[in-house]
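**Q** Residues per chain are reported as follows:
Number of protein chains: 2
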Amino acid sequence: MARKAAIVGGGVIGGGWTARFLLNGWDVGVFDPDPQAERKISEVLANARAALPALSDVPMPPEGKLTFHGTIGEAVEGAEYVQESVSERIELKHRVYAQLQQANPGVLIGSSTSGFKATDLQQGSPAPENIIVAHPFNPVYLLPLSEISGSEKNTEATVQKTVQIMKDIGMFPLVIRHEIDAFIGNRFLEAVWREALWMLKDGIATTEEIDEAIRMGFGLRWGQMGLFETYRIAGGEAGMKHFMAQFGPALKWPWTKLMDVPEFNDELVELVSSQSDAQSGMYSIRELERIRDQNLVGFLRSLKDRNWGAGKVLREHDEARAAAFHAEMQKGIDTGPKAAPLVMAQMQVLPGWIDYNGHMTESRYYFANSETVDNFLRLIGAGMDYVAAGQSFYSAETHIRHLGEAKLGDRIRGELQIISADEKRFRSFVRIMKDDECVATIEQVCLHVDMKAGKSSRAAPEVWAKLQAIAEAHASLPLPEGAGRAVGQKR
Amino acid sequence: MARKAAIVGGGVIGGGWTARFLLNGWDVGVFDPDPQAERKISEVLANARAALPALSDVPMPPEGKLTFHGTIGEAVEGAEYVQESVSERIELKHRVYAQLQQANPGVLIGSSTSGFKATDLQQGSPAPENIIVAHPFNPVYLLPLSEISGSEKNTEATVQKTVQIMKDIGMFPLVIRHEIDAFIGNRFLEAVWREALWMLKDGIATTEEIDEAIRMGFGLRWGQMGLFETYRIAGGEAGMKHFMAQFGPALKWPWTKLMDVPEFNDELVELVSSQSDAQSGMYSIRELERIRDQNLVGFLRSLKDRNWGAGKVLREHDEARAAAFHAEMQKGIDTGPKAAPLVMAQMQVLPGWIDYNGHMTESRYYFANSETVDNFLRLIGAGMDYVAAGQSFYSAETHIRHLGEAKLGDRIRGELQIISADEKRFRSFVRIMKDDECVATIEQVCLHVDMKAGKSSRAAPEVWAKLQAIAEAHASLPLPEGAGRAVGQKR
Numbered sequence: 128m129a130r131k132a133a134i135v136g137g138g139v140i141g142g143g144w145t146a147r148f149l150l151n152g153w154d155v156g157v158f159d160p161d162p163q164a165e166r167k168i169s170e171v172l173a174n175a176r177a178a179l180p181a182l183s184d185v186p187m188p189p190e191g192k193l194t195f196h197g198t199i200g201e202a203v204e205g206a207e208y209v210q211e212s213v214s215e216r217i218e219l220k221h222r223v224y225a226q227l228q229q230a231n232p233g234v235l236i237g238s239s240t241s242g243f244k245a246t247d248l249q250q251g252s253p254a255p256e257n258i259i260v261a262h263p264f265n266p267v268y269l270l271p272l273s274e275i276s277g278s279e280k281n282t283e284a285t286v287q288k289t290v291q292i293m294k295d296i297g298m299f300p301l302v303i304r305h306e307i308d309a310f311i312g313n314r315f316l317e318a319v320w321r322e323a324l325w326m327l328k329d330g331i332a333t334t335e336e337i338d339e340a341i342r343m344g345f346g347l348r349w350g351q352m353g354l355f356e357t358y359r360i361a362g363g364e365a366g367m368k369h370f371m372a373q374f375g376p377a378l379k380w381p382w383t384k385l386m387d388v389p390e391f392n393d394e395l396v397e398l399v400s401s402q403s404d405a406q407s408g409m410y411s412i413r414e415l416e417r418i419r420d421q422n423l424v425g426f427l428r429s430l431k432d433r434n435w436g437a438g439k440v441l442r443e444h445d446e447a448r449a450a451a452f453h454a455e456m457q458k459g460i461d462t463g464p465k466a467a468p469l470v471m472a473q474m475q476v477l478p479g480w481i482d483y484n485g486h487m488t489e490s491r492y493y494f495a496n497s498e499t500v501d502n503f504l505r506l507i508g509a510g511m512d513y514v515a516a517g518q519s520f521y522s523a524e525t526h527i528r529h530l531g532e533a534k535l536g537d538r539i540r541g542e543l544q545i546i547s548a549d550e551k552r553f554r555s556f557v558r559i560m561k562d563d564e565c566v567a568t569i570e571q572v573c574l575h576v577d578m579k580a581g582k583s584s585r586a587a588p589e590v591w592a593k594l595q596a597i598a599e600a601h602a603s604l605p606l607p608e609g610a611g612r613a614v615g616q617k618r
Numbered sequence: 128m129a130r131k132a133a134i135v136g137g138g139v140i141g142g143g144w145t146a147r148f149l150l151n152g153w154d155v156g157v158f159d160p161d162p163q164a165e166r167k168i169s170e171v172l173a174n175a176r177a178a179l180p181a182l183s184d185v186p187m188p189p190e191g192k193l194t195f196h197g198t199i200g201e202a203v204e205g206a207e208y209v210q211e212s213v214s215e216r217i218e219l220k221h222r223v224y225a226q227l228q229q230a231n232p233g234v235l236i237g238s239s240t241s242g243f244k245a246t247d248l249q250q251g252s253p254a255p256e257n258i259i260v261a262h263p264f265n266p267v268y269l270l271p272l273s274e275i276s277g278s279e280k281n282t283e284a285t286v287q288k289t290v291q292i293m294k295d296i297g298m299f300p301l302v303i304r305h306e307i308d309a310f311i312g313n314r315f316l317e318a319v320w321r322e323a324l325w326m327l328k329d330g331i332a333t334t335e336e337i338d339e340a341i342r343m344g345f346g347l348r349w350g351q352m353g354l355f356e357t358y359r360i361a362g363g364e365a366g367m368k369h370f371m372a373q374f375g376p377a378l379k380w381p382w383t384k385l386m387d388v389p390e391f392n393d394e395l396v397e398l399v400s401s402q403s404d405a406q407s408g409m410y411s412i413r414e415l416e417r418i419r420d421q422n423l424v425g426f427l428r429s430l431k432d433r434n435w436g437a438g439k440v441l442r443e444h445d446e447a448r449a450a451a452f453h454a455e456m457q458k459g460i461d462t463g464p465k466a467a468p469l470v471m472a473q474m475q476v477l478p479g480w481i482d483y484n485g486h487m488t489e490s491r492y493y494f495a496n497s498e499t500v501d502n503f504l505r506l507i508g509a510g511m512d513y514v515a516a517g518q519s520f521y522s523a524e525t526h527i528r529h530l531g532e533a534k535l536g537d538r539i540r541g542e543l544q545i546i547s548a549d550e551k552r553f554r555s556f557v558r559i560m561k562d563d564e565c566v567a568t569i570e571q572v573c574l575h576v577d578m579k580a581g582k583s584s585r586a587a588p589e590v591w592a593k594l595q596a597i598a599e600a601h602a603s604l605p606l607p608e609g610a611g612r613a614v615g616q617k618r
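Protein chains in written order, with the numbering used here: chain A, 128 to 618; chain B, 128 to 618.
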C-alpha cells in the first residue's frame with residue numbers, strides 16, 4: 128500500500144511538496160481553505176510532471192492518489208507525515224498543529240517555515256517532539272535541499288525519521304546543528320538581498336545588471352561547489368590558509384553597505400518592480416517557471432552525469448528505486464520469460480533532446496535504444512558489477528529507422544525483442560514507442576567482450592542462461608518488419 | 128595576421144586570460160618576473176584546453192602564439208590590448224602602467240583588480256583614458272563575466288573598444304554605470320563571506336554544510352536566473368510587488384549578523400582551513416579544478432541548449448565564428464568541389480559523452496554524425512534559414528558500425544562522402560576519425576521534406592545544384608568498405 132503524506136497549505140511551496148510526494152508514489156491528502164487551492168496545486172503539478180521525471184533514469188513509480196479535503200482531520204487520516212506550509216503566522220501554525228495532533232496523534236509534522244524556529248513552533252503542543260522544521264527551496268519538486276532543524280525537545284529518532292522521509296522523496300536533508308533564525312540558506316539570501324537593494328537604491332545597477340553579474344559569474348560556481356570549495360581552489364596549491372590570508376583583510380574594507388539597512392518604502396518597491404518588469408516582463412510567470420525548470424533540469428542532469436553535488440543525490444535516489452524496479456522485472460523472468468517484447472525503458476523527451484525542428488534529435492533515438500539495452504543487460508545479470516569485473520557487451524553495429532516523430536515532453540518507451548543469441552553475441556530489435564505508435568526501430572548486434580583481453584569471449588554461464596531463456600521465449604515471435612534491412616535497400 | 132594581447136602578471140587570473148586569448152586565436156605576450164610563471168600558465172592552459180573547446184560547436188580557430196618576455200616593453204610590443212593582473216598594490220600597478228604606456232603609447236590597458244577603482248588606477252598616468260577595469264571571475268577561461276568599470280576620464284569609445292575585445296574572446300562585458308568599490312559581483316561575495324564566517328565562528332555550521340546549503344538550493348537557481356528574476360517567480364502571478372510586500376519586512380528581522388564583522392584572527396583561519404581540509408582534502412587542487420571545469424562545462428552546455436543566460440553568450444560567440452568558418456568552407460565549394468570526403472565537423476569527447484566503461488557512449492557516434500551532416504546541410508544552403516522557411520532534410524535510416532573506441536578528451540572529426548543523391552534524397556557515408564583511425568562509420572539516407580505538407584519533396588534548385596556538384600565530385604571515390612551492410616550480415 129502506498130505511503131501517505133498530508134499537505135496543509137497549498138501555495139507554491141505546498142504545491143511543490145505535493146508534487147514531490149505524489150510523483151514519488153505517495154498518496155497525498157491536501158487541506159487548504161483557499162477555493163483556488165486545487166487550481167494552484169494542479170498548475171504546480173503540471174510543471175513538476177514536465178520536469179521531475181526528466182531527472183530520473185529509472186521509470187517513476189506509479190503516481191500516488193491526490194485528494195482534497197474540507198478539514199484538517201480528514202486530510203491527515205492515515206498519513207505518516209505532514210508538511211505544513213501555511214502563512215508565517217505563529218498562532219495559525221499552532222492552531223493547525225493542534226488539529227493535526229488531535230486527529231492523528233503521533234503523526235510527524237514538518238514545517239516549511241523560514242521565519243520560526245522549532246522551539247517557537249512546538250509551544251503549547253502536547254507532543255512537541257513530533258514537530259520539526261523541514262525548510263525547502265522553490266521549486267520544491269526540483270531543488271533537493273531541505274533544512275532540518277529541531278529543538279532539544281526533538282529526539283534523535285524523530286530527526287532521523289524526518290531525514291529518511293526526505294531521502295525517500297529524493298531530497299537532500301541538511302540537519303542544522305543549532306537552532307538559529309532563518310537556518311542557513313536564507314541567511315545568505317538575506318545578505319545578498321540587502322546588498323542588492325542598496326545597489327538599486329543608489330543607482331549603481333539595475334535588477335537586470337545584478338542578475339547578469341550573478342549568473343554570468345559566481346552563480347555558476349555556486350550551483351556545483353558552493354563557497355568554501357570554490358575558494359579553496361582560488362587559494363591554489365597553497366590552500367585555504369593562503370586564500371584566507373589574501374582576502375581576509377577585505378573584511379575591513381568599505382566594500383559593502385551591509386552595516387546599514389535600506390529603508391523599505393513604496394519608492395524602493397516601485398524601483399525594484401519597474402526594473403524587474405523591464406528585465407523579465409516579456410515572459411509570463413508561467414513561462415519563467417518553465418524556463419527555470421528546464422534550466423535546472425539541465426544543471427541537475429549534468430551534475431548527475433558527473434555524480435557530483437546535487438547530481439549525486441539524484442543517483443542515489445535512482446539506485447534505491449532501481450533495486451525495486453529490477454526486482455520486479457526479475458520476478459517476471461524467474462517465473463519464465465514470456466513470448467512478448469520486454470518493456471525495458473520508459474523515458475520522456477527532454478529539453479536537451481530536441482533539435483531546431485522541435486523534434487527529438489536523431490541521436491537520441493540511439494540513446495533511447497542504449498537505455499533499453501542497458502536495462503536489459505542489467506536484467507540478465509550483465510550490469511555495472513559485471514562490467515566492473517571485466518566483462519561487457521559492446522555494440523558492434525546498429526541500424527535505425529526513423530518512422531515517426533517524438534516531441535518535447537512526449538513519453539516514450541523502449542520494447543526489446545531478441546532475434547537471435549548465442550554465448551558470444553545477441554541481436555536485438557528495439558521499438559521506440561509513443562503510445563501505440565512506433566516512432567523508430569533499432570536493430571543491433573552486441574558482442575560479448577573480455578575487456579582485459581580486449582577480445583570477444585563467451586558470456587558467464589548465469590548470464591547466458593538468462594539470455595538464452597529469453598531468446599527461446601522470443602523465438603516464437605514473428606521476425607519484425609524491417610529487421611535485416613540495409614540502408615537505402617528497396618522495400 | 129593574428130591580433131595580439133599582452134598579459135602582465137601570470138597567476139591563476141593572468142593564466143586564465145592568457146588561455147582565453149590564445150584559444151580564441153590571439154597571440155599573447157606574457158610578462159611575469161616569477162620564475163614559476165611559465166609552469167603556472169602552462170597548467171592553467173592545460174585545464175583550459177580540456178574545457179573551453181568543449182563549449183564550442185564551431186571548430187576553434189588555430190591557437191595563437193604564446194611568448195614569454197623578460198621585460199614589459201617586449202611583451203607589449205605590437206599588442207592592441209593589455210590585461211594587467213599583478214598583485215593588488217597600487218604603486219606596483221602604477222609602475223606597470225608607466226612602462227606599458229612608454230613602450231606602447233595608446234595601448235588599451237584593462238586591469239583585473241577587484242580592489243581599486245579606475246580613478247585610482249589612472250592616477251599619474253599621461254594617458255588615463257586608456258586605463259580601465261576589466262574584472263573577471265575565476266576560471267577566466269570558462270566564466271563569461273567581465274565587469275567593465277571606467278572613470279569619467281575614459282571616453283565612451285574606450286569603453287566600447289574594451290567591450291568589443293571582451294566579446295571577441297567570448298566574454299560577457301557588464302559595463303558598470305557608476306564607479307564603486309568592489310564593483311558588483313564581489314560585493315555579493317563579500318556579503319556572503321561575512322555571513323559564512325559568522326556561522327562557522329558561532330559553530331552553527333561547518334564549511335561543508337554551508338557549501339551543501341548553497342549548491343543543493345539557491346546556488347542552482349542563481350547560475351541561470353540570478354536574484355531578481357528568481358524572486359519575480361516567487362511572487363507568483365501577483366508579481367514582484369507582491370514578493371516585496373511579502374518579504375520586505377524581513378529586512379528588519381534579526382536574521383543576520385551582518386551589522387557586525389567577525390574578528391579576523393589565527394583562530395578563525397584555523398577553523399576554516401581545518402574544516403575545508405575535512406570537506407575537500409581528499410582531492411588535490413588540480414583535481415578540484417578539473418571537477419569544477421567539467422561541472423561548469425555541463426552547466427554552460429545545458430544553458431547553451433536552451434539559449435539562455437551564459438548559454439546565449441556562447442551561442443552568439445559561435446555564430447560570430449561560424450560565419451567565418453563557413454565562408455572558408457564555402458570558398459572550397461565555390462571553386463569546385465574535390466573528389467575527397469569533406470571534413471565537416473571537429474569535436475572533442477566531452478565528460479557527458481562517456482559511458483560507465485569510460486568510452487564515448489554509443490549514441491554520441493550518432494550525434495557526431497548529426498553534427499557532420501548538419502554542417503554539410505549548412506554548406507549546401509539547407510541550414511537554419513532553410514528550415515525556418517519550411518523545408519528540411521530528415522534522416523530516414525541509419526547504419527552505424529563501431530570499429531574502435533574514443534575516450535574522454537579525444538579529438539574526433541567527421542568526414543562525409545556522398546554515395547548517391549537526387550533531388551529528393553541523398554545517401555551519405557560518414558567516417559568518425561580519431562587521428563588516422565576510423566572509430567565508427569555511419570551510413571544514412573536523408574529525405575528532403577516539405578515540412579508544411581508533411582511529405583517528401585524536391586530540394587530548392589540552388590540547394591540541389593550544390594548537392595549535385597559535390598555528389599558528382601564524389602562519384603569517382605570508391606564505395607566505402609561497409610557501405611550497404613545490414614546488421615548481422617556476414618562479412
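Any given hint could turn out to be false.
A pair counts as met if it fits within one copy or between any two copies, since identical chains are not told apart.
[Claimed, not checked] Within a straight-line C-alpha distance of at most 25 Å, the following computed PhoX-like cross-link-like pairs (lysine-lysine) qualify:
#1 K294 / K439
#2 K582 / K534
#3 K551 / K593
It should be emphasised that the hints constitute simulated quantities derived from the structure, not laboratory data.
All values derive from a computational prediction rather than experimental measurement.
**Q** Does each hint fit the structure? Answer for all of them.
**A** Quick rundown of the hints versus the structure:
{"no.": "1", "hint": "K294 / K439", "result": "within (12 Å within a copy, 35 Å between copies)"}
{"no.": "2", "hint": "K582 / K534", "result": "between (40 Å within a copy, 18 Å between copies)"}
{"no.": "3", "hint": "K551 / K593", "result": "within (14 Å within a copy, 46 Å between copies)"}
Comparing the model with each earlier hint shows no violations; every hint is respected.
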